[in-house]
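Chemist: For chain A, the structure is supplied; the task is to place chains B and C on it using the hints.
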Amino acid sequence: MAVTETTEVRSSALGLRLERHVDWMIIIILILIIGAASGFTLAVTMGDWEYWVDWKDRRFWPLVPPVLMMIFPAAVLGITWTKLRIPFGATFAVFSYTLLKWVSLYFNFNVFAGFPMSMVWQSTFIPLAILLDATIVITGSVFITGFVGAFLWGVLMYPVNWVMLAGFHEPILYNGELVTAADLMGFEYIRTGLPEYVRMIERSTLRSFADTVVPLTAVFAGFLCVLVFYVSWAAGTFLCRQTWVKKV
Amino acid sequence: MALRTFISRTARPLAIAAVALLTLSLFTVAQIGPAFAHGERAQTANLRMRTINWYDTEVSPKQVAVGDEMVIRGRFETSKYWPEHVPSVTGRVYLNVGAAGPKFIKIKSTINGKSMFQSSQLELGKHYEYEIILKARVPGRFHLHPVLNVLDSGALIGPGYWVDTTGSFADFSNTVETMFGRTIDLETFNLDIIYSWHALWFVMALAWLGFWGRKSPLLIQSLRRVRQKEEAGEDPDTLISPMEKKVAVGFMVVTLMIIGAGFQWAEARHPVTTPLRTAKMDVDPLPLPDPNIIIEYGGATYRIPGRSFQAEFSVTNNGPSPVRIGEFLTANLRFINSAVRNVQPADSHDLVASDGLRIEGGPVPPGETRKLKMFAEDALWETYRLTTMINDPDSIVAGLVFFYGDDGSREIVEIGGPMIPVFE
Amino acid sequence: MSVEALSGTTPAEQLASKRADVPGMNWSKVGWTFAIIALVYGAHRVYMQQMAFTVGLDYFEPEFQIYWMPLFWAQVVVGGLAFFGVNGYLWMTREKNPEAVTPRDELGRYFGLLLWVFSFAVILGVLGSFATESDAAWHQVTIRDTDFTPTHIGLFYFALPALIIAAVGLFMYAKTRLPQHADKYLVPLGIALSGPILILPTVGYNEWGHTFFYAEELFGAPVHWGFAFLGLALLAVGGVVVHILARMGSLIQEIQDEAKV
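Protein chains in written order, with my numbering: chain A, 1 to 248; chain B, 1 to 424; chain C, 1 to 261.
The following block holds chain A by itself, in its conformation from the complex (with noise of 0.2 Å):
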């Protein structure tokens, strides 16, 4: 195409080497930086449903999760995709965050308190991101990757995570009451802290409404992931921008 003449650059054996430098520095330190950023801002809000499998219901889980697991991919993109046209963004960022996560809940969960891995995983939102990147490549459009591919970060946590949890819940008799695997461990592995009670889990009245609690929370969270996808593109790419002040 005539188009690659114009962009060409020019660079010599010293600008490439330099710049190849340039990238693995970036690379890592956008590894720490996003994975440690996302994965602090997450752990504060979203933490427990990562942390227990007893809290992963069908209510709180495939609504609160993947809602602010978009804020930190959604951003990226944002600058990867306008900046660079590389649109690894989100893909970037969650493997990033999820990196990171399975260190900290070996070890911190694990090794430092005693849980068993088995209690103590957190979900995969990768093929959600690789979905959003797909999106902007095919389509070129921001709009069109809220509509469609934030849309299915939403819907599809759920199914994609269930792979992992449906064991989890498969009803046991224990010692005469119907509990599932994932209750159980939270009742047996102490946890003087968290309390029962605390569990984020199958409140509102929704849960008696024909079955359709899932589908009803995967949809209304497509809707908000939509809706964060917006503002944290938005947030990402202005926070982008080279502003500087004379004064401060």
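One should not assume that every hint holds.
From the structure, some residues in chain A lie toward chain C, with a derived Cβ separation under 8 Å [to be verified]:
(1) Ala36
(2) Val44
(3) Phe109
(4) Leu173
(5) Asn175
(6) Leu178
(7) Leu194
(8) Arg203
(9) Gly222
(10) Val231
Chain B stretches covered by chain A per the calculated footprint, using a threshold of three residues with CB under 8 Å from any CB of chain A [what the hints assert, rightly or not]:
(11) 113-125
(12) 195-207
Straight-line Cα separation of at most 25 Å, BS3-like style, residue types lysine-lysine; simulated pairs [claimed, not checked]:
(13) C:Lys175 x C:Lys29
(14) A:Lys247 x C:Lys29
(15) C:Lys184 x A:Lys247
(16) C:Lys175 x A:Lys246
(17) B:Lys280 x B:Lys246
(18) C:Lys96 x A:Lys247
(19) B:Lys80 x B:Lys108
(20) C:Lys29 x A:Lys246
(21) B:Lys80 x B:Lys114
These are computed hints drawn from the structure, not numbers from a lab.
Just so it is clear, CB atoms sit at the ideal spot from N, CA and C, and this is done for glycine as well.
Modeler: Chains B and C only, in chain A's frame:
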């Protein structure tokens, strides 16, 4: 090649740090000591004296091997003098254990025989009997407490006892059978699926990242290209090639297919699932007869220099035999009248003042009313940070008084009211 | 595209690309920075693993005063000295004549800035995910006693001051060495750095909340949302990265053009 430079230059410091850390962790593994108590002393005095009065606490056996069972049982009274600013047991409560984490698993817990798998609700000024059955999981020496979590008030902790667990954690398993006959070990349940599913998506993520990061150098060049396009008034979207769009479509299709297949697989494997439990457990107080002892509280003082708590009250004995005060219990501290009972601390952290209680006014004969003066004196007031009761805005104290009849009977009555500090 | 450019290099250009001749990333320094931070925090972590559930459960036990409070006070002293030492040094050795800095020198300083950002990122990695959730794990299995729990000593009084030292050091480095930053301030940089710095005073809100109105250990509770808000400030890192890429890109271009002449 940047990668080679990167690895060769960073290998040495990283190796040194890794070896040093490994050595350090090996060195300190040998230093594991027993777990010391507990954390409750930071709670304000009135939160401990006027909330849950734990008594008859018993832990047995105190030495177990990994996999063995251990029982904590006892009773508690929910104080009539519960501070107004502290949400009480009439909201939500959960019977729990203080054990510095899941060193044990809790396999059964009851209050008055009712399962406490879920949270419950209690009444004030009543007595309850609880039992918690534990199974030892991790070897070591631990300080075990019964705990009652009260919604919006936090963990109210009962008396603690040292227990020893021998054996090896490797021998511990926690198997349970589902209603479909599947036997699962909760220690490792489903981990193969969780790890494989995450690994699969990590691979997909790396493939996607690798595809878009395949150009090297990447970042500065990309920024330049987009800027040049923008400056030339062209659409930077043309930087995405048709091939790249096709790859994105491919990723999207594969991703959706894997999601669909995974969900179907999970549904087929677990066709019947139930939601998490949230039911509230209901429990009635112990059906105790009306007390034969009636107390009229006449005030209390706390003399700070002498660590001496003094209370006056008139006691009416409507029972059949003379009664004497054998024990005063507040905030898990047990002041024992050695003239009536012989109670020795069970271990270094058992909060018993074996000779801490003195009574003026003698036994109360049946059918009579006597004025009694009670002196609870011990350093425990100080070491247990109850001297801070003078800092409570409402200066109200409470505790259980244990009366013992000559016929071997026991009556427990709660006293409570204002307390005046004496400073000199 | 770049590959074609590479094949078109002249011997003179290849000569110019010799390592000694040009500034580039000092990977050995990167490795040491990571190793030192990992070692220091790792040692702290190993200590916590051994001493938290044994002698760290109760502030009022004498053992706590022996094994934990001296560590706290040592951190306060070392942190204070490091803060003033690092920033004092950066200020004393500042660039007096920003206009005279050559592109080559400036590029070298941008690689220095990257090293600072890297230190900040590693410490943030330790704090954001790792140390924060050690505190989450701790509170959910123990009974909250005072503001000095082992995990708080590791998080609020160790990792957080370290992050502040790195953040302020990064800012000072840019301010005292990079000509573009000499007489003005980059807004995204200010936002990205002040967010994490403000986490320290937010600890005050957190501890006040836990004492006054919130008794549960729900980690996503509103009493923690102050932290979340400050974490969002790090979105501004995007602006910093774009600045670094743009400036380093044009400096590299200038140096290449110079080499061709």
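Chemist: It remains to establish, for every hint, whether it holds in the given structure.
Modeler: Now for the hints, and whether the structure bears them out:
1. For Ala36 (chain A), the interface hint holds, the least distance from its beta-carbon to any beta-carbon of chain C being 3 Å, beneath 8 Å.
2. Hint on Val44 (chain A) holds. Least Cβ distance to chain C is approximately 4 Å, under the 8 Å limit.
3. Residue-level restraint check for Phe109 (chain A) holds (minimum Cβ-Cβ distance to chain C is 5 Å; threshold 8 Å).
4. Nearest Cβ of chain C to the Cβ of Leu173 (chain A): about 28 Å, over the 8 Å cut. The hint is violated.
5. A distance limit of 8 Å between C-beta atoms decides the matter here; for Asn175 (chain A) the minimum to chain C is near 24 Å, and the interface restraint is violated.
6. Checking Leu178 (chain A) against chain C by beta carbon gives a least distance of about 26 Å; that is not within 8 Å, so the hint is violated.
7. Of the supplied interface hints, the one on Leu194 (chain A) holds, with its beta-carbon coming within about 4 Å of a beta-carbon of chain C, less than 8 Å.
8. Against a cut-off of 8 Å between C-beta atoms, the interface hint on Arg203 (chain A) is violated, since the closest Cβ of chain C lies about 13 Å away.
9. Here the hint on Gly222 (chain A) is broken, as its CB sits about 21 Å from the closest CB of chain C, past 8 Å.
10. For the restraint placing Val231 (chain A) at the interface with chain C, the shortest Cβ-Cβ distance is roughly 11 Å, beyond the 8 Å limit, so the hint is violated.
11. Only when three residues or more bring their CB closer than 8 Å to a CB of chain A does the claim for the region 113-125 of chain B stand; here the count is 4, and the claim holds.
12. Residue count for the region 195-207 of chain B with a Cβ under 8 Å from a Cβ of chain A: 7. That meets the three needed, and the coverage hint holds.
13. The suggested pairing of Lys175 (chain C) with Lys29 (chain C) holds, with an alpha-carbon distance near 21 Å, which does not exceed 25 Å.
14. Our distance criterion of 25 Å between C-alpha atoms is broken by Lys247 (chain A) and Lys29 (chain C), whose separation comes to about 34 Å.
15. Of the supplied pair hints, the one linking Lys184 (chain C) and Lys247 (chain A) holds, its CA atoms being roughly 7 Å apart against a limit of 25 Å.
16. In summary, the hint linking Lys175 (chain C) to Lys246 (chain A) is supported, as the alpha carbons are separated by about 12 Å, within the 25 Å threshold.
17. A hinted pair counts as satisfied when its Cα atoms are at most 25 Å apart, and Lys280 (chain B) with Lys246 (chain B) does not qualify at roughly 54 Å.
18. Between Lys96 (chain C) and Lys247 (chain A), the direct Cα distance comes to roughly 20 Å. Compliance with the 25 Å bound is thereby established for this hinted pair.
19. Straight-line distance between C-alpha atoms of Lys80 (chain B) and Lys108 (chain B) comes to about 28 Å, which puts the hinted pair past the 25 Å bound.
20. Taking the CA atoms of Lys29 (chain C) and Lys246 (chain A), the gap is about 33 Å. The hint is violated against a cut of 25 Å.
21. Annotation: proposed proximity of Lys80 (chain B) to Lys114 (chain B) holds, straight-line Cα distance about 23 Å (limit 25 Å).
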